[in-house]
Amino acid sequence: NENDYICSKGMEEPVEGKRTWVQISGLSDIRTIAEIGKRYNISNLSLEDALSTDQRPKIEFASTYFFITMRILDTPDKTEEQISFFVGKDWLVSISEHTSDVLNPVIKQLGSEDNRLRSSTPDRLVHALTDRIADQYLVRADELDMQTEALEELVVNQAEKVTASMIHRHKRAILHLRRISMPLKELFNTLSKGETPFVSASSVPFFRDTFDHVLWLSEECETLRDTSQGLMEVYISSLDMKMNRIMKVLTIISTIFIPITFITGMYGMNFIHMPYITKTAWGFSFVIGFCIVLSIWMIFWFKKKKWW
Amino acid sequence: NENDYICSKGMEEPVEGKRTWVQISGLSDIRTIAEIGKRYNISNLSLEDALSTDQRPKIEFASTYFFITMRILDTPDKTEEQISFFVGKDWLVSISEHTSDVLNPVIKQLGSEDNRLRSSTPDRLVHALTDRIADQYLVRADELDMQTEALEELVVNQAEKVTASMIHRHKRAILHLRRISMPLKELFNTLSKGETPFVSASSVPFFRDTFDHVLWLSEECETLRDTSQGLMEVYISSLDMKMNRIMKVLTIISTIFIPITFITGMYGMNFIHMPYITKTAWGFSFVIGFCIVLSIWMIFWFKKKKWW
Amino acid sequence: NENDYICSKGMEEPVEGKRTWVQISGLSDIRTIAEIGKRYNISNLSLEDALSTDQRPKIEFASTYFFITMRILDTPDKTEEQISFFVGKDWLVSISEHTSDVLNPVIKQLGSEDNRLRSSTPDRLVHALTDRIADQYLVRADELDMQTEALEELVVNQAEKVTASMIHRHKRAILHLRRISMPLKELFNTLSKGETPFVSASSVPFFRDTFDHVLWLSEECETLRDTSQGLMEVYISSLDMKMNRIMKVLTIISTIFIPITFITGMYGMNFIHMPYITKTAWGFSFVIGFCIVLSIWMIFWFKKKKWW
Amino acid sequence: NENDYICSKGMEEPVEGKRTWVQISGLSDIRTIAEIGKRYNISNLSLEDALSTDQRPKIEFASTYFFITMRILDTPDKTEEQISFFVGKDWLVSISEHTSDVLNPVIKQLGSEDNRLRSSTPDRLVHALTDRIADQYLVRADELDMQTEALEELVVNQAEKVTASMIHRHKRAILHLRRISMPLKELFNTLSKGETPFVSASSVPFFRDTFDHVLWLSEECETLRDTSQGLMEVYISSLDMKMNRIMKVLTIISTIFIPITFITGMYGMNFIHMPYITKTAWGFSFVIGFCIVLSIWMIFWFKKKKWW
Amino acid sequence: NENDYICSKGMEEPVEGKRTWVQISGLSDIRTIAEIGKRYNISNLSLEDALSTDQRPKIEFASTYFFITMRILDTPDKTEEQISFFVGKDWLVSISEHTSDVLNPVIKQLGSEDNRLRSSTPDRLVHALTDRIADQYLVRADELDMQTEALEELVVNQAEKVTASMIHRHKRAILHLRRISMPLKELFNTLSKGETPFVSASSVPFFRDTFDHVLWLSEECETLRDTSQGLMEVYISSLDMKMNRIMKVLTIISTIFIPITFITGMYGMNFIHMPYITKTAWGFSFVIGFCIVLSIWMIFWFKKKKWW
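Protein chains in written order, with the working numbering: chain S, -14 to 293; chain G, -14 to 293; chain H, -14 to 293; chain P, -14 to 293; chain R, -14 to 293.
Please keep in mind that the hints were generated in silico from the structure rather than gathered at the bench.
Worth double-checking, as some hints may not be accurate.
Since the list gives no way to pick one copy over another, a pair counts as held whenever it fits inside one copy or between any two copies.
Said to hold, decoys possible - Computed cross-link-like contacts, DMTMM-like style, restricted to lysine to aspartate or glutamate with a CA-CA straight-line distance of at most 25 Å:
#	residue 1	residue 2
1	K289	D116
2	K93	E33
3	K178	E33
4	K(-6)	D194
5	K227	D39
6	K289	D127
7	K170	E204
8	K227	E45
9	K170	D211
10	K23	D99
Bound-form chain S, shown alone (with noise of 0.2 Å):
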């Protein structure tokens, strides 16, 4: 097809009239970076936010071309990566650290005959590509969300199972996914208002879209933060009812014994008048008797004032 993208992985000149995609994957062939940026008219300072790798995600505009950078989150297999993305009026560089197999479903669309991609704009083509990243994090808040109710449901019921580390790394996960999704409301709102250039106004809706899912999650976000931190607050508050629980213990068996063994304190004495209840035959069991009366009956007070 005439239209078709050629895709490249290295350095690829752009062709008038043909579209042209770049992928560039792992930052360690700066030449080759250099001269790519050279031959698409990059700038240094953009090319140079590229090869950082700590940016904050964010949208620029030049003549030529606008940038974009956020973050793909990690993966079972992957670390957590930047991408760049230069999108001109018919060529796309996209510069990552690593390959990442989250962009693969639009490059198997790129590749399946008829499929509508395949002869979009450039910003067409971005927009598939950051929704994906933007659902990556959708799912992720999403994972975090069931996280949060399997912490809560753990906290209830086997609070010994858990550790305040483990909702503080928790809390930290969310606190990160909300850091990085911010910038993005800001990014794709100005995608979303049709001003942008090289964006058609065909792709305003698309990104629109992608727009209300960003603050659909960073107001899920939001209320993780919210339920992660009264989490924390259900964890102390069963410390204590545990300790409650324990302090109870010690208590009753305390205030039981405490008392009883007094009471053979008193007879194991060694007066010579002894009370005349030491010499009978039945003043032993009696006493004991007593002891275990007077139990008994600290015990049926306990359970009245609910302790047990």
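We have chain S; now place chains G, H, P and R onto it with these hints.
Just chains G, H, P and R now, kept in the frame of chain S:
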């Protein structure tokens, strides 16, 4: 009546000069939905939003209709669901996950004669429907407010019947309501500005009225969140107080009996030359009497210290 | 006087060139209210807002009047209620739930001769009335501030007289005041901008003055909320300190008596060959003396550790 | 000098072409104040604001003057008070509750020859005065910052000398300063925009300078609030740690002595056939020795568990 | 090179057509500073801001220059200091408290041949300098992030090595960084808008780049603050858990020994008619055996209750 709505639960051709309301319940019959989307010129993106059931409540405008998506709260019978409205010049398409009882009163109104709604434009009809849904939110907020008071009552008077997770679950319900009602502010604000196509000037005061309710709702949610926050603190402090009471009992019992147990231990020692008192007839009674006096004195001391 | 207001507690026809104030107290006589609504051209939506008693305080504009709804705080005699004002060119309709004493001073002013209010336009009259209500809020905020200080005093000095629920209830009262006063900022801001129909330029400084008070009030509410938040923390820490004190007593008593009780136990053992000391005349006194010395040493040790 | 200010502490007629500063201290002489209000064309509403001493700091504009009201902080001698400035083309009226020392340096400057202030317009004079007051706020913020550090030092090192109410009172002072300084941002922002009548362009940089200080002050207040918040947490955790230490002592003492007291109890039983050891010469010493060894082993065990 | 900067550490006359950078380190030589202020037409207010060392970071504009003041963070050798830049058409005056090493790389660049900076306008030079300073902030934020993780590690694994004040001090450092970096957002936003005199269009992307870094920094500070907040909670809950462990040991020991000590006390009573068991040969062993069995049963019971 000539102005009456044609209500249909399936595919229905739009008829020029006739008002139509197509009510789709259930998202399984994709083909009918696609067919309706085609006939009423609904864009695919909007339809997809209506079909994916975890959308952020929002309003969107197209050239021939506007599109609202909201959530209907769970009722005793039904789970929470998403409902979407497509509002055109003289037609309304609603797509929901299942048949909900919430909108029944409006449907009844449409059926009863001499009702104004019957001959009103679709914007008024969609107002009636969304207002019902927003009303449900207000009712839920009131329920949560009453639950808050009930929980409060319980925490203060019978803290042992409360668990931290009850309060936490209550707070989650509040956060959920807050999250799904927040976007409604934006939605009804847009509709009450009177610059929306297909919303006639005469409908604006109605949407303005609903907007006021939603504002009130969002402030209620904030207050609820703050109050439920405080509830957890009251609960934790009630646990602390209970612990204090338990510890007090243990301390009082220990403090009274430990010293007098020492005294009995003292006279229990096997010295050949015991103090003179052990040889007297009144010695035993005297020591026991002293222990009782000591105990009583300590009880008075605790009372004075306001421990009891 | 020709400019005097015609005050009426029921239906009253508007008279051209005459100022009228219709005061409706009680919402049960729906027919009269509907009748008045008709004569004064009040829209049904506004009337419904006046009749449903849980409205968000707000201001709304119609072509022939503007509409204010606010809440009157509870007084010792009366419960909290909603009051609505409809202000036209030369008439004022007020609808409240029951007769409240709060507005009496203004009614008196209207009755007394030579009072400016008597010959002023309805906007000035409605300012006098709403200003009275806002004043009541300021008084309540001051009361809550004094209660905060009293609670604080109590928490610090007599924590046993305070319960967590007292602080919580206090905080709820603050949150309630905050919630019903927040919308007043918007309301009086609108009125003090001078672009409102039926509000003459000469009244604007008066509304501006009330707006300043309401701003001050809202900041007071924020400060109150923060302070009451801190109060709970002080209370919890006072519970902790009390627990510390109780535990200290238990620990001191236990730590002193447990070792010396062991000593008495030691000499209470039934060995045939006991240590020489048990056979001496001074043995008993010596052991008891040793116990006393040990106790005193421990007391000094606690004092040195600043436990006492 | 011709441009010198006529300073007066009572009624003073405005003189055309002469600069006047009327300083009213004390609000009891209502008649003089009313008289001045009349001569300088000051509206009654503004005068009332100057007389009621619990006003929100603000700025207001009239046709012939502008009106500022602020609070002067308490000094060792004086309580907090309100001061109001009415600034006209060539006159300044200040109304304060009592004579405050804070403004003395400015008054001195006015008196000393060759001082620029002497021949400057009232806007510059009012800048000098309000800048002095804002400076006092900055000094107070610095004091509170140092107090925060001192309290922190104390909490960390001598927590027993600190009470929760000390921290709470400290926090209240911060909240109070924050509350009365927040409106100053708005006030000086208005003055530094250069669109205010009676404020010459040459004065704008001065007000801009004060505005910068006030911005810095407000951020300082935020930081102070956050820090004092943390202080309470450190205090509560220091109470917790103290409790831990107390409990550790109790637990160590109990855990060592309870088992060996059981041993002595064992040999204190009155059985006819006691174990052989009770009949040996070395039995007593052996049992006591065993108790000592057990205790030492337990102490080592605690040391290994890092309890000591 | 003709375009080279004349760098001077003291007074230097501005030369038409030559670029000058006057670097003042140390604020004691007031006369030189005043002299420079005169020659370069710097207003007194700006100079005073540069001399008083506790200014809010800001940017201000005058007709012949613009003025930036920022803070340089403390390094291992130097304390935190303030630095001010006055940027004119072809000159730059910097005033700092002492010589700082942070700017050395830029000074080196100016010295090395063929460096672009050497022939650039003062706005680019001031960008290089302020970017260095902002970079230092980012490095500090990363350090604080790593410290947070280290503290977290410590709190979770070796809580006894952590004190509340360590966490508090850490949080203060974060709050301090946040406070001095917040105004930078405003500062660089102003510079990156491209409407600033003496900032050429070609410099705007550079300032925009720094602005992005500062935005990222401010979000990092927010996340750090939230995380350090959580750290305190984890710490307090780790104290609670430790307390729980201590109390468990105490309770287990007490609960095992208190009942069996009662048994020994029972048989230690001096009754004439003791139970038959005290007269048997196997009595003593039986009772001790019973105590051991009871203890073992209790240990199993605790194990089952998951206490151990």
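A quick look at each hint next to the structure:
Taking the shortest Cα distances, K289 and D116 never come within 25 Å of each other, neither inside one copy (63 Å) nor across copies (52 Å). When the C-alpha separation of K93 and E33 is checked against a cutoff of 25 Å, the pair qualifies only between copies, where the shortest distance is 22 Å, while the shortest distance within a copy is 30 Å. With identical chains, the CA atoms of K178 and E33 are at most 25 Å apart between copies only, with a shortest distance of 21 Å across copies and 27 Å within one. For the homomeric pair K(-6) and D194, neither the shortest alpha-carbon distance inside one copy (30 Å) nor that between copies (28 Å) is at most 25 Å.
For a Cα distance limit of 25 Å, the shortest separation of K227 from D39 qualifies neither inside one copy, at 44 Å, nor across copies, at 39 Å. For the homomeric pair K289 and D127, neither the shortest alpha-carbon distance inside one copy (47 Å) nor that between copies (37 Å) is at most 25 Å. In the homo-oligomer, the alpha carbons of K170 and E204 lie at most 25 Å apart both inside one protomer (11 Å) and across protomers (14 Å), since each shortest distance falls under that limit. In this assembly of identical chains, K227 and E45 lie within 25 Å of each other by CA distance neither inside one copy nor across copies; the values are 55 Å within and 52 Å between.
Taking the shortest Cα distances, K170 and D211 sit within 25 Å of each other both inside one copy (20 Å) and across copies (21 Å). Taking CA atoms no more than 25 Å apart as the test, K23 paired with D99 passes between copies only; the shortest distance there is 21 Å, against 34 Å inside one copy.
Violated hints, listed in ascending order, are 1, 4, 5, 6 and 8; each of the other numbered hints is respected by the structure.
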